[in-house]
Amino acid sequence: MLSMLTEAQQDTLRALVDRIIPADDFPGGWEAGVGDYLDRQFAGDLSHVVDDYRIGLDWLEAEACATTGTSFAALAATAQDEVLRRVEQGDVVVDCPVDPAAFFRAAAEHAAEGFYGDPGNGGNSNGVSWRMIGFEVTG
Amino acid sequence: MSVHDVIVVGAGAGGGVAAGVLAEAGKSVLLIERGRELACEDVPRDHLRNHRYTRYGHNTGPSLEGNPRVWVDLDGREHTLRPHEDAYQNNATGVGGGARVYGAQAWRYLPGDFEMASTYGVPAGSSLADWPIGYADVAPYYDRAEWEIGVSGDSVGSAKQWPRDKDYPMPPVPLNRQGAIVRRGAEALGWPTLAVPLLINSTPYAGRPACIHCQHCIGFACPVDAKNDSQNTLLARARATGRAEVVTEAMVEQVDTVGGRVVGVTYVDRDDQRQHARAEVVVLAAGAIETARLLLNSTSSEHPHGLGNAHDQVGRNLQGHYYPGAVGLMSEQVHDGVGPGVTTAITKFNHGNPDVIGGGMIADEFVVLPIIFWARNLPPDLPRWGAEAKRFMRDNYTRVARVMGPVQEIPSPDARVTLDPTVRDRWGIPVVRLSGATHPETVRTAEFMYARAGEWLAASGAQRIWGSPPRLKLSGGQHQAGTARMGDDPASSVTDRWSRVHGHDNLYVADGSVHVTNGGFNPVLTIMALAFRAAEHIARAW
Ligand SMILES: Cc1cc2nc3c(=O)[nH]c(=O)nc-3n(C[C@H](O)[C@H](O)[C@H](O)COP(=O)(O)OP(=O)(O)OC[C@H]3O[C@@H](n4cnc5c(N)ncnc54)[C@H](O)[C@@H]3O)c2cc1C
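One line per chain: the protein sequences are A and B, in this order.
First residue of the first sequence? That's 9 in our numbering, and the numbers climb one at a time after it.
First residue of the second sequence? That's 12 in our numbering, and the numbers climb one at a time after it.
Keep in mind that the hints are not guaranteed to be accurate.
[Said to hold, decoys possible] Covered stretches of chain A (in silico footprint by chain B; criterion: 3 or more residues with CB under 8 Å from a CB of chain B, positions within the stretch not fixed): (1) 9-23; (2) 104-110.
[Said to hold, decoys possible] Chain A is nowhere near these chain B residues, computed Cβ spacing over 12 Å in every case: (3) G218; (4) R250; (5) D283; (6) P451.
No wet-lab data here; the hints were simulated from the structure.
The C-beta atom is built at its ideal place from N, Cα and C for all residues, glycine as well.
If we strip away everything but chain A, and leave its shape as in the complex, we get (with noise of 0.2 Å):
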């Protein structure tokens, strides 16, 4: 599964939906099948921004470094919270060729469209999602 990206990059993707939509007592964004949605528009409708997640994950990785010494994916739920929070607000150490908060903000939305869209899009597994918020499909 998404291939398209490195090992390293998938790890920080996934650290990242899980910070986006986090495990609770249900499942967070990633386990919901959220990779899975988007392995599947970065080979369609999402395919003119795989670049800019190659870019933007990187980059995350290196502020997340620059700023706390330690790989992304490593860090504790609240300290890349602390980190995603300075990224949404513009101030971050590490120069990127995308505007970081826009690719964050983007990064959020495709996963909420994983996470709460019809899981014929390939997340929202079992209607996980619905079923958290009390949509019912009836007939």
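Got chain A; can you put chain B with the ligand on it based on the hints?
Below, chain B with the ligand alone, put in the same frame as chain A:
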């Protein structure tokens, strides 16, 4: 070359009605539709590609490639757009047209909606005008549309505002929890409510079953065929006569004339071959934007600016509906999953408001898909990521109520459809160029209605209310209308009071294009009614 009595272009809401009436009147009818036949399973329940949420496409047509339009924004910048992009102003394409996937609200326009200019005066810069016909001229055809296509509604409540000769054929679709809650709020405000009339079977009707209250009504096709439109009624009747031929995946390029007289159309068939069809009468029902395009593309030495366009009126006055609304976080659960979801309307603000022109209707909203809720219904200050965002979705998807509705637009002659000088579609046909905006008075009316929506939710128990205030923009889209408006004076209109293009005794329009103004209500029942009326007129005259 095929020869018929009548050619109808477009198998949407209006075209299907015209085909049915004319075939039953004994005419041979060729109905040409650019989209496909759409069985229910051909309209996927894809939450990211449908006519409510077009993030990556939609679930009918036109296909995303090869069908561009150009839009000139308010700063004069040009954008070449694909059909699922907002500013393209798309409606659904396929047999049934927009109505194949619509929400099926079945509103009549009010008597006053036909007399906007004489009621309110004409604001500077607007092309506001009275219709050449009044409510009484359309009322018998509203009856026909309600009975022959099938509407569920509250006859007694409706009759308080609309003079009506006949009741609705079916009682209203049942109330759901959201509806009951907003009705209490309306009662607290002293605002009368009306059950929303719907082209949906509340009881079995005309051989098809009652609604099963699913969650995929608007934006999708009905899984049990309980949603009524012209495709499963009048068009089915046309087919049953044996006199109607339906050609799909065929794009009409132009109306053909000989010596200035309309003789038929040229279309490109599904194998990309150009075909000529001939008929005594041509009826255009391609939707307000594409009908304007067809008229403009039909040039000849006698009609160098296109048909009906001697006075540069074709394509002007494009209207749709501003649809202001509010979202409220309620103290109790409001979503019970009972579709279609829209149940309860306030119509007292359609006219008679202080200091604004016209007004609009507000109603509670259809069942909302989770991703649409995420994209459009979250509070503006809620983070879009993290535990808090997930928690909000989890706690509040069922506790958020929405009310919204169409505002009567004040038309501008500069809100228009022209032809782009360079961009062509996949068949080489010049495409639509959209420019301008509605008249600023529309925004004022929309602001007024936006405030009423918030007020309603507050009275219904909302703890917190949010929404997006209206801004000046071009309207059109799913409620597109006005581009070949009716009128008695050919200098300021395109069609006459019978929907016939001025200067042509055998060219008619049977879609939203003929609307002079677009009412403060969803337009489709009026489109259907006027299609009945135009088609009867054609049949009677020959
Ligand atoms: C999701 C959705 C919800 C809606 N909900 C409501 C509602 O609740 N109430 C309401 O009143 N209205 C609603 N509408 C709007 C309603 O569907 C339209 O007002 C109505 O369909 C317009 O009818 P029409 O005949 O003008 O055009 P259409 O129904 O758009 O039909 C035009 C047809 O012409 C075809 N066509 C166009 N160009 C060509 C060409 N060159 N050659 C051949 N064929 C061509 C198109 O493919 C189309 O099928 C909704 C629409 C949508 C999409």
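Hints violated by the structure (listed by number, smallest first) | 1 and 2
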